[in-house]
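Full structure from sequences and hints, please.
Residue numbers (our numbering), protein chains in the order written: chain S, 156 to 307; chain H, 156 to 307; chain U, 114 to 191; chain Z, 114 to 191.
Treat the hints with caution; some may be incorrect.
[Claimed, not checked] No more than 35 Å apart at the CA atoms, straight line, and that leaves these computed lysine-lysine pairs for DSBU-like:
#1 S:277 / Z:119
#2 H:228 / S:277
#3 S:228 / S:180
Don't read these hints as lab results, they were simulated from the structure.
Next come the chains, spelled out residue by residue.
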Amino acid sequence: MPVVLQEFEFLPYQRLQEYEEQCRKPGESGAAVTFVGSLRDMHEDFPVDAMTIECYPEMALQEIEKVCDAATKQWQVDDYLIMHRYGKVEPGDALVLVAVWSTHRSQAFDACRYIIHYLKHKAPFWKQEHHGEQSRWLQGNTDDKAVSECHG
Amino acid sequence: MPVVLQEFEFLPYQRLQEYEEQCRKPGESGAAVTFVGSLRDMHEDFPVDAMTIECYPEMALQEIEKVCDAATKQWQVDDYLIMHRYGKVEPGDALVLVAVWSTHRSQAFDACRYIIHYLKHKAPFWKQEHHGEQSRWLQGNTDDKAVSECHG
Amino acid sequence: MSVTVKYFASLREHVGQAEQQCQVPECGCSASEVWAQLNASLELPSNILVAVNQDYASLDTRINDGDEIAFFPPVTGG
Amino acid sequence: MSVTVKYFASLREHVGQAEQQCQVPECGCSASEVWAQLNASLELPSNILVAVNQDYASLDTRINDGDEIAFFPPVTGG
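And the structure:
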């Protein structure tokens with residue numbers, strides 16, 4: 156049940172492949188649901204060249220673990236793997252990976268969706284978009300409304 | 156937007172990694188949700204040594220494409236990749252992969268969940284579990300109730 | 114008229130074959146009439162599904178020359 | 114008493130530093146009182162979040178010797 160914060164690029168499906176080979180017992184879980192969030196090259200008609208993700212690492216790990224604990228209390232979860240990127244990221248890079256293994260499909264979907272939802276609302280990460288010389292901190296969550304201020 | 160029926164083993168995350176590298180434009184989609192269904196080594200206290208998946212291939216392809224069309228009408232979907240195994244499978248093998256790329260997380264979750272749900276209820280596949288000399292056809296869907304009959 | 118009839122899974126085992134090419138006398142007969150003609154000794158299972166030309170159909174669907182009719186039990190894919 | 118205060122993201126830029134080690138005179142003062150003492154010239158932003166020892170807390174949370182207090186804007190991870 157690893158939670159990993161990582162400053163370097165990661166390939167989410169390669170990591171999942173490795174994780175299944177190394178850490179999962181074949182035939183244990185019938186269902187795996189995975190969410191991968193990546194940096195888009197466009198955000199509300201604002202082109203994005205890069206992004207800096209700042210984090211409060213000790214608290215982020217704890218908050219993500221709390222969210223996962225709450226999910227495993229509510230749903231039957233065999234295992235999970237959470238990765239979150241920080242530092243400088245480029246469009247196309249994976250920002251976050253949430254993978255949940257379960258016996259049952261519906262449990263895996265519900266738990267995965269719960270984890271990414273609460274991770275976004277509770278884990279202390281902040282995104283700053285860059286375009287040319289301009290940068291802006293995103294305010295509030297991307298699936299809520301991003302109100303933002305630009306400063307050169 | 157490929158739909159693939161495959162008689163040979165596939166590694167779902169390896170395929171996703173390849174598919175993203177070869178077919179997806181980096182930075183286009185902010186969200187990807189993936190469901191992988193695998194053969195468990197146990198089903199309702201019945202140990203499973205292997206499974207045979209029979210299919211009606213032409214109709215299965217058409218039905219899966221209909222389900223995907225319905226999903227892309229209802230949700231904003233950038234792309235999808237569906238794979239379904241048939242023939243003889245072993246515990247731990249991937250049976251089905253449903254991957255959906257979207258701009259938005261909630262759309263990707265909803266579309267992926269819709270596709271796997273209707274795929275299971277509409278696509279003409281049938282599963283026969285094997286244990287030693289015994290075999291049984293699964294009746295109805297695994298997340299509904301599997302009523303089954305054994306014959307030696 | 115000439116039709117192709119396919120059977121799948123437990124129904125294929127029950128009928129004892131996977132596919133039949135056969136002649137049906139009258140045009141416009143229903144899928145259940147095709148079944149009755151080919152499997153006179155076997156009652157139509159109550160939960161049977163029917164597809165005509167790879168599309169879900171009903172037992173009442175009218176069959177035309179050259180059609181492919183499939184009979185099968187409830188599906189269990191995914 | 115001695116506390117560590119951290120600032121993140123836009124608030125870090127606003128305050129002009131990421132971390133302060135500092136002495137707070139009275140034990141049992143609140144997080145907002147710590148802010149007022151360190152940033153007398155800066156009004157507390159209305160949407161500010163507070164964590165004490167890496168746990169979400171409120172502006173009224175009482176601070177003890179050795180605590181780590183973090184002030185930051187709403188989070189935007191994932």
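Verification of the hints:
| no. | hint | in the structure |
| --- | --- | --- |
| 1 | S:277 / Z:119 | holds, 17 Å |
| 2 | H:228 / S:277 | holds, 33 Å |
| 3 | S:228 / S:180 | holds, 22 Å |
In this structure, every one of the numbered hints holds.
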